[in-house]
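Peer 1: Chain residues, written in single-letter form:
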Amino acid sequence: MTDLIANLALGMDVALSLKNVWYCFIGCLIGTLIGVLPGVGPIATITMLLPITFGLDPVGALIMLAGIYYGAQYGGSTTAILVNIPGEATSVVTTLDGHQMAKQGRAGVALGIAAIGSFLAGCVATIIIAALAVPLTKMALLFGPADYFSLMVLGLMFAVVLARGSVLKAIAIILVGILLSTIGTDLESGEERLTFGWTEIADGLDVAVIAMGMFGFAEILRNLETTVTRDVIQSKIGNLLPNRADLRTAAAPIARGTFLGSMLGLLPGNGAVLGPFASYTLEKKLAKDPSRFGRGAIEGVAGPESANNAGAQTAFIPLLTLGIPPNAVMALMVGAMTIHGIVPGPQIMTKQPQLFWGMIASMWIGNLMLLVINLPLIGLWVRFLKVPYRLMFPSIVLLCCIGIYSINNSPVEVVMTAAFGLFGYALVKFGFEPAPLLLGFVLGRLMEEKLRQALVISRGSFMTFLERPLSAGLLFVALILMLIAILPTIRKSREQVFQEAD
Amino acid sequence: MATQAPRNRGADNRVTRSSLDIGGGLFLLGLAIVGYVGGFSLPFGQLSGIGSGLLPKVVALLVAAFGVALLVQGFLSGGDKLDQWAIRGPIFVLSGVIVFAFTIRPLGLVVAGPLAVIVSALADKDTRPVEVAILALALTVASGLMFKELLSLPIPFDPRGLIPEPVFHAYVGLKSGVAALFAGLKAIISR
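For the protein sequence lines, the chains are A and D, in the order given.
With numbering that gives the first Met the number 0, letter number 82 in the first sequence gets 81, and the count goes up by one each step, no holes.
With numbering that gives the first Met the number 0, letter number 14 in the second sequence gets 13, and the count goes up by one each step, no holes.
Source of the hints: derived by calculation from the structure; they are not laboratory data.
Treat each hint with caution, since some may be false.
[Stated by the list, open to error] Examples of chain D residues lying across from chain A (beta carbon under 10 Å, computed):
id : residue
1  : L25
2  : P55
3  : L69
4  : R87
5  : R104
6  : D123
7  : E130
8  : V131
9  : F146
10 : P153
11 : P165
12 : G176
13 : L180
14 : G183
[Said to hold, decoys possible] What follows is a list of derived Cβ distance ranges for each label pair:
id : chain 1 : residue 1 : chain 2 : residue 2 : range
15 : A       : P352      : D       : I90       : 50 to 56 Å
16 : D       : V57       : A       : A418      : 24 to 30 Å
17 : A       : N407      : D       : R127      : 34 to 40 Å
18 : D       : I90       : A       : K18       : 42 to 48 Å
19 : D       : A186      : A       : G472      : 52 to 58 Å
20 : D       : Q83       : A       : R247      : 39 to 45 Å
21 : D       : A141      : A       : L465      : 55 to 61 Å
22 : D       : A132      : A       : P352      : 50 to 56 Å
23 : A       : M481      : D       : L161      : 55 to 61 Å
We put the beta carbon where it would ideally sit given N, CA and C, even for glycine.
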């Protein structure tokens, strides 16, 4: 306990330096600004803004990146409430009741309660991260290569279970991600793999290139063809601060949402995405009058939004302690951290405590920042959202181009990004979800490395994965998950959960 | 993420053969073949010392297997139809990006910026020329100030000196104004 306080104090010391508060502020502000754009989710936002952190020291850069991430998340919720277009999967649920509230002239209250709920959830999540970081990091040191490999298999199985639509397609797309990760020079033998003699990709593909293509450009292509009737709220935004009755109704959902979101975010697969769905379903079950849901029930915004933010934050735990990204956004964070010379994993906390605790403390500051920035700026976001898409998308294209060019000052990468835009568009057209691909891509490299190490240690015996208790346990859970994904009865209920959310 | 499988999965879209799954299966098979061919000459190694070829080949074979499974499913159990593919959007948006890539180094953002905006804007058939021209200009100046001057990214702005002198003066004025403002803010912050 005293350790926890001492660690957080160290973190606050770093994060509260004026310089870092400024970076956090800028990150949150620009993150929200870009995240508010319809069809621009956190992945595209982070990729686009990655270059602006290049001039900073690693601590400042990470703080700003985290700020951008929260800003983008919150911006997505704003768009969900005001325009009924969810920026990412996690704010799909918010559109249900949030947009209805907005239509009833209570947009302000919806945004207000989302901000307040997110802030409270963020506070709790920060403490959870701080409390779990030390024991989990210690645990990570017990992990051998075989255990790591099995943990990643488990994470990918989670991603399969949580992906929408066909299980076949979900597994296949992760495999495609792994296949893409093998492109480039093999680290052990130095042989070029799958490059077809093309020197530009001898170092492998950049995760930012794939992310920007599939989540920036492909998303524009998709939005262009569905002439989206954006129904930006025309009525007044109304009061921002919820009244007493609202707060009383929302308090318990916020608490429950925070709990659910934090727990699910910890999972090694894309658990965070489940938080808002779970919270919404729970609130609907608990409500005295479930028919209010879908017609502007404040609990339907408060709970899921808290779960969303809590999960978004605790998703950092697997990355920071084990070095394993749990979802596509965190996979991108790995790329971002690598650019700044930081290798995510248990060694960060022991070797760079300033960076580690500074970043965790900045999460709390970032949440406070969002509250302070967003509530007064909502009018601005509304005006922003009224800009027609025909003007919005060329601007997004230019920002994406500048962003991707600046990462390595490489025009070739810009062209590759365009190719991945087309690739991402094709994936969506064939009914594949692109997010698991990104996760597979980043985990693929790690998995191959750990697989090789494990097999060297065991002198080529695959039994090592079953003989080590930790690894065997993780694989067993992965197997159960696989069965869950395949068994028809459970599959049906899984589809129901997603459909309810639609 | 917002990119989900096509939404319109109504009853009218269901057919006995699913062109969506068949297409998806063929797509996977294509990827698998490219992957396998690309890794063809790489050594497999032994289990105690895995060669560079093992993972690409095994994964490519797995992708192929899933492709076949999807094909079979598409032929046998039916499902959704393949959506119509847009042509205009991808062509213009991606051309805009590629034009940017080819002009940014030799000509700088002054040329690449407006070109990317104008070409990609053609993707929407409701585009209005005057509007786009203003947008292209404004975005180029704004992103020049923002990325080049404030964030000092090494992005070429006007390497050929294409901007006529008086316009350039105005830009420099604007730039130093913004820079002064930023320096002021920084001074306040770091005090």
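Peer 1: Each hint should be assessed against the structure and marked as holding or not.
Peer 2: Each hint, compared with the structure:
no.	hint	in the structure
1	L25	holds (9 Å)
2	P55	holds (4 Å)
3	L69	holds (6 Å)
4	R87	holds (8 Å)
5	R104	holds (6 Å)
6	D123	holds (4 Å)
7	E130	holds (7 Å)
8	V131	holds (7 Å)
9	F146	holds (6 Å)
10	P153	holds (6 Å)
11	P165	violated (25 Å)
12	G176	violated (19 Å)
13	L180	violated (14 Å)
14	G183	violated (13 Å)
15	P352(A) to I90(D): 50 to 56 Å	holds (52 Å)
16	V57(D) to A418(A): 24 to 30 Å	holds (25 Å)
17	N407(A) to R127(D): 34 to 40 Å	holds (36 Å)
18	I90(D) to K18(A): 42 to 48 Å	holds (46 Å)
19	A186(D) to G472(A): 52 to 58 Å	holds (57 Å)
20	Q83(D) to R247(A): 39 to 45 Å	violated (50 Å)
21	A141(D) to L465(A): 55 to 61 Å	holds (59 Å)
22	A132(D) to P352(A): 50 to 56 Å	holds (53 Å)
23	M481(A) to L161(D): 55 to 61 Å	holds (59 Å)
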